[in-house]
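Novice: This is what each chain is made of:
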Amino acid sequence: HITEDTSDLLQHVKFQSSNFENILTWDGKLESAPDTVYSVQYKTYGEGEWLEKEGCQRITRKSCNLTVETSNLTELYYARVTAIDGAGRSATKMTNRFSPLQDTNIKPPDVTCIPKVRSIQMNVHPPYTVIRARNGHQLTLENIFQDLRYHFNLRINHTYQMHFERKQRKFEFFGLTPDTEFHGTVMICIPNLFKESAPYECQVKTLPDRTWT
Amino acid sequence: QEFQFGPCQVDGIVLQKLWQAFWAMKDIVQAQDNITSVRLLRKEVLQNVSETESCHLLHALLRFYVNTVFKNYHDKAVEFGILKSFSTLANNFFVIVSKLQASQEKMFSTRESARRRFLLFYRAFKQLDREAAVTKAFGEMDILLRWMEKFNQL
Amino acid sequence: DGVAVLPAPQNLSMQSTNMKHVLTWSPVIVPEEIIRYSVEYQGEYESLYTSHIWIPSSWCSPTQRPECDITEDITATVSYSLRVRATLGSLTSAWSTLKHRFNQNSTILTPPGMEITMDGFHLLIKLEDLGPHFEFFVFYWRREPGAKEHVKVVRPGVLPVYLETVEPGAAYCVKARTFVKAIGRHSAFSRTECVKVQGEALPL
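Chains as they are written, first to last, in the numbering used here: chain D, -3 to 209; chain V, 382 to 535; chain B, 6 to 209.
Among these hints, one or two may not hold up.
DEER-style ranges, computed between Cβ atoms [to be verified]:
1. V/513 x D/14: 32 to 38 Å
2. D/25 x B/160: 45 to 51 Å
3. V/425 x B/20: 46 to 52 Å
4. V/508 x B/61: 33 to 39 Å
5. D/139 x B/104: 54 to 60 Å
6. V/388 x B/102: 37 to 43 Å
7. B/102 x V/404: 30 to 36 Å
8. V/513 x B/162: 46 to 52 Å
9. V/390 x B/95: 50 to 56 Å
10. V/390 x B/148: 34 to 40 Å
Selected chain D positions facing chain B (Cβ under 8 Å, derived; list incomplete) [said to hold, decoys possible]:
11. 52
12. 158
13. 173
14. 176
Keep in mind that the hints were calculated from the coordinates and are not lab data. Note that beta-carbon positions come from the ideal geometry of N, C-alpha and C, so glycine has one too.
My request is simple: use the sequences and hints to build the entire structure.
Specialist: The following block contains the structure:
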């Protein structure tokens, strides 16, 4: 009995996660026939049963949103995809063990940079995630990570930089020269997980000093 | 970094180095564990551990890892070419066990409850085939590191 | 090759400064031949539990130079055994083992190099980057009786880093030292450097 190699039907089954939005993605055959369908199952590591993901059974697209099903941050998860082509050939592949807490990428913060005459204020907007508390309240990254800090950085042309690490979302750089260009960045840092977001960047100019004009 | 497991203090451990060592081999190691329906370090073992209990429990778990898990996984580490990461984790666990050894001996109050938790882990380990159990335990080190992090005095 | 037996490297020695660990030895000389060396290590765990196993060093298995930077191989604060052997074609020497085991907590920590400058009324500091192990504690104060000493943890970088907005006419002093978490030790303080801020002192 010769078992046919169907590994070409399905590759790279993995989670792509940002701020706990956990999307399962995969690749099919390069010239995959349009009639290839995919079905997704998931499970919590340590549980016996594989559960079918509603809405991702016999689909033709190559992604499936498992955010709700993998939202417990203390758990570890697996997902697997079964592909069946028009000729009835099938293949099943599983992800690596997925840890939402460890494997999610932290998105850059959303920031408003406010230039003044001798200072620049940076306001970080609340970094909401898709995770909800039991009471339905939407959680921010600050709720999830107690040790979260914001790294505020201001580079003064190419001569020096000002660097501050704060828990608060608002920070103001003082003692600046009026009417001058500055390059600001803000990053989210989670020391315990050794995670850093990509920086939010703003190029901003302090206002001219009109007090004596 | 400094860790405070109840009355037991451990310093000189840079957790990031341990994480980096584990991440370097995570997928290789966990891919060898295809028993997805069993988790050795379950919630009942590690959740809601009191401060004083944590010293005993960590000492018991790490001593088991050093004496049994690492010892029996060593040849696989050579086979998979992960000896460097293996050595980093083994030597750092060895340091922690030595540092916990003295202080946990002086404490008796919570030893029994910590032992019960360890036995939950140990019984689950014994129920599996030896090689599968060692592979699973080695692949669950991230669960252990995550738990240890909570006791990090940033 | 006219060489029956290759002599083992001699005079093994460890130099460790600011968490950079370099093993050196006397070169093995065979006229008109290139000798290569291999370095291996064992931590305390390996010595006790798998003593037959030695781990090849990251950068020197093999190398042609009679020295090896083993910094990346030392990843725990335990004592390490180190050994070296020479090879010439198919010929290999016996292993030479470092006489005393090495522990990174014996590294020599030097006071950090620092440079204090001003930009307008901003006091700036530039620190030499010593690698990921190091934190820099910078102490600064206004040079006047009873002045309060401030402490800041500073990350070294390509550019000088802002410390404080200062007042015209005043003088400020700065000193720094390093701290290494992995071994729980500080360096000695750097020399104290003081700067005078231009301009008239502000009326009280």
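Novice: Could you see if the CB distance from residue 513 of chain V to residue 162 of chain B stays within 46 to 52 Å?
Specialist: holds (48 Å)
Novice: Confirm or reject the claim that residue 425 of chain V and residue 20 of chain B have a C-beta distance inside 46 to 52 Å.
Specialist: With a Cβ separation near 51 Å, residue 425 of chain V and residue 20 of chain B satisfy 46 to 52 Å, so the hint holds.
Novice: Lying within 34 to 40 Å: is that true of the beta-carbon distance residue 390 of chain V to residue 148 of chain B?
Specialist: The hinted range 34 to 40 Å holds for residue 390 of chain V and residue 148 of chain B, with Cβ atoms some 39 Å apart.
Novice: Taking the CB of residue 139 of chain D and the CB of residue 104 of chain B, does the distance hold inside 54 to 60 Å?
Specialist: holds (56 Å)
Novice: Range hint 30 to 36 Å: satisfied by the CB atoms of residue 102 of chain B and residue 404 of chain V?
Specialist: holds (32 Å)
Novice: With 45 to 51 Å as the target window, see if residue 25 of chain D and residue 160 of chain B comply at their CB atoms.
Specialist: holds (49 Å)
Novice: Tell me if residue 158 of chain D is really an interface residue toward chain B, meaning its C-beta lies closer than 8 Å to one of theirs.
Specialist: Where the cut-off is 8 Å and the nearest Cβ of chain B is about 4 Å from residue 158 of chain D, the hint holds.
Novice: Is the interface hint for residue 173 of chain D satisfied, with its Cβ closer than 8 Å to some Cβ of chain B?
Specialist: Holds. Min distance 6 Å.
Novice: Measuring from beta carbon to beta carbon, are residue 508 of chain V and residue 61 of chain B in 33 to 39 Å?
Specialist: Cβ of residue 508 of chain V to Cβ of residue 61 of chain B: about 38 Å, so the range 33 to 39 Å holds.
Novice: Does the Cβ-Cβ separation between residue 388 of chain V and residue 102 of chain B fall within 37 to 43 Å?
Specialist: holds (40 Å)
Novice: Please check whether residue 513 of chain V and residue 14 of chain D have a Cβ separation lying inside 32 to 38 Å.
Specialist: holds (34 Å)
Novice: Honestly, do residue 390 of chain V and residue 95 of chain B meet the 50 to 56 Å range at C-beta?
Specialist: Holds, at about 53 Å.
In terms of the numbered hints stated before, the structure departs from hints 11, 14, listed from lowest to highest.
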